[in-house]
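**Q** Here are the chains, one letter per residue:
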Amino acid sequence: MKNKIKVGAAVLGALMLSATSFADEGLFGYVRLAEPLPKGAMDFEQWFTVRSDKGEGQYTALDTKTEIEWGVTDRFTTSVELYGLGINTSGLMIDAYLPKDASYVWKPAGLEVATKYNFLSPAKDWIGLSQYVAFSYFWEDVHSGQRKDVYSVEGLLLAQKYFMDGQLVLAGNLGVEATSATRKPIDGLPPDFEWPTTPEMEIEVTASAGITYRFAENWFIGGEIFYQTEHETVVGQERWSVQAGPTLHYGAKKWWATLTWLPQIRGGGLMYPGQTDTDLHLIEKTKQEIRLRIGYNF
Amino acid sequence: MPIRPIHALLMVPVALVAGTAYATEYLTAPQAQQAIFPDADQFIDATVELSDAQRSAIEKQAGVRQRWKKQAVWRAEKAGQLIGWFIVDEVVGKHEFITYAAGLTPDGRVRGIEILAYRETYGYQIRTTEWRQKFVGKTLADAFKLDEDVPNISGATLSCQNITKGVKRLLVLQQVVLNRR
Chain A
1 MKNKIKVGAA VLGALMLSAT SFADEGLFGY VRLAEPLPKG AMDFEQWFTV RSDKGEGQYT
61 ALDTKTEIEW GVTDRFTTSV ELYGLGINTS GLMIDAYLPK DASYVWKPAG LEVATKYNFL
121 SPAKDWIGLS QYVAFSYFWE DVHSGQRKDV YSVEGLLLAQ KYFMDGQLVL AGNLGVEATS
181 ATRKPIDGLP PDFEWPTTPE MEIEVTASAG ITYRFAENWF IGGEIFYQTE HETVVGQERW
241 SVQAGPTLHY GAKKWWATLT WLPQIRGGGL MYPGQTDTDL HLIEKTKQEI RLRIGYNF
Chain B
1001 MPIRPIHALL MVPVALVAGT AYATEYLTAP QAQQAIFPDA DQFIDATVEL SDAQRSAIEK
1061 QAGVRQRWKK QAVWRAEKAG QLIGWFIVDE VVGKHEFITY AAGLTPDGRV RGIEILAYRE
1121 TYGYQIRTTE WRQKFVGKTL ADAFKLDEDV PNISGATLSC QNITKGVKRL LVLQQVVLNR
1181 R
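Residue numbers (my numbering), protein chains in the order written: chain A, 1 to 298; chain B, 1001 to 1181.
Think of the hints as simulated: they come from the structure by calculation, not from any bench. Careful, some of the hints might be misleading.
Which stretches of chain B does chain A cover? Using the computed rule of at least three CB atoms under 8 Å from a CB of chain A, they are [stated by the list, open to error]: (1) 1095-1101; (2) 1115-1122.
Going by beta-carbon spacing under 7 Å, a handful of chain A positions derived as facing chain B [to be verified]: (3) P38; (4) A123; (5) G166; (6) Q167; (7) K184; (8) T229; (9) T233; (10) G251; (11) K253.
Backbone N, C-alpha and C fix where the C-beta goes; we use that ideal spot for every residue, glycine too.
Input sequences plus hints: build the corresponding full structure.
**A** Given below as structure tokens:
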């Protein structure tokens, strides 16, 4: 199955290469920038995120995001995103989270519409500041690969600062996401296995920061740190995690690519029975995460 | 645990980088010299090697870093008389350096600027006469501020900002170094 995901990623990458067009430049893999697209500009972006290793059993997931973004005005940008999921999980069952083995290369998993409004320009003002708002509906649970209706609204404050005339870029995001999620029933689960199908409400808080330096023409290297915590109606604080790692970016006139490795370095909250890595959250998160973003500017 | 799908992901940027190269040069330095100083009959190389003290003085007065120790400068002369300074400079763009040239009159006014190489995604309007014309006649008494005395170009704010600060820095360089020669 790992091979299937590998092939899937390569095929999607190849499709990207064969397309002649398209995205808002992402210097980071996870941290968003405050800069908007100019009026009338359009870009295309493709994400591939591989999440793997829960410490027990087999777990590898591939998240994809396909985005088209459009500059409505010089300050206001809107986008539409299609999410996809490929998963291979076996040998690990967790009540309410991982009900059974799952294995498929790729399925459409969700849709999102988002807007970004720029208040202050990072190049003109002391600091760049934008607001990002997204509404999403997922019909696949990105953790288990099972059916689950998930409605979310997310708000983020995006800050960005240039140093050394723009050769060094510092960015930070702070956000809150509210989610209503309902699992779909699954036939044939063991009688004592918990799989609640009543709606749950979740609040997720995210804080992230990144710094990147242009070490050669077109090339940036840097690092990112990403904190996330989630509270939900049944268990209170369900999880928290800190991920951190390096990021490499190449930006050309019409296209760009960013590769970020963001392993989980600390985490807490709920743990599954028998979890040996007690300083990580491994129910919804994994030990390893790597993301490739590719964008094309029209 | 090894993350094998990474190998497939790594293939994509490598292929992208391998398959793409570009360079957009609009003018050579001699062409820009003729555009800004059509009345000059000779340009004499007057390249400047800046001392640390001079760079500090420029940075302090211009409010922007003098990145280069060596600055390409020519004396524009007509019938043996100095009619201005022609300077080629580079400033940080979003992806690559932007190469431009500025002509300065002996009394410290901008005679004109020309964009020699620009390779960014947006903002090709900086090459237009209309935008470049905004610098003509400027002195160190001017603000050199985007959206005040120099218009911003959406999508190319960093480029506009750095060129604007760059031109001011060249006026300071003239005052600190060239006028004292």
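**Q** Give a verdict on every hint.
**A** How the hints compare with the structure:
no. : hint      : result
1   : 1095-1101 : holds (count 3)
2   : 1115-1122 : holds (count 4)
3   : P38       : holds, 3 Å
4   : A123      : holds, 4 Å
5   : G166      : holds, 5 Å
6   : Q167      : holds, 5 Å
7   : K184      : violated, 27 Å
8   : T229      : violated, 25 Å
9   : T233      : violated, 33 Å
10  : G251      : holds, 5 Å
11  : K253      : holds, 6 Å
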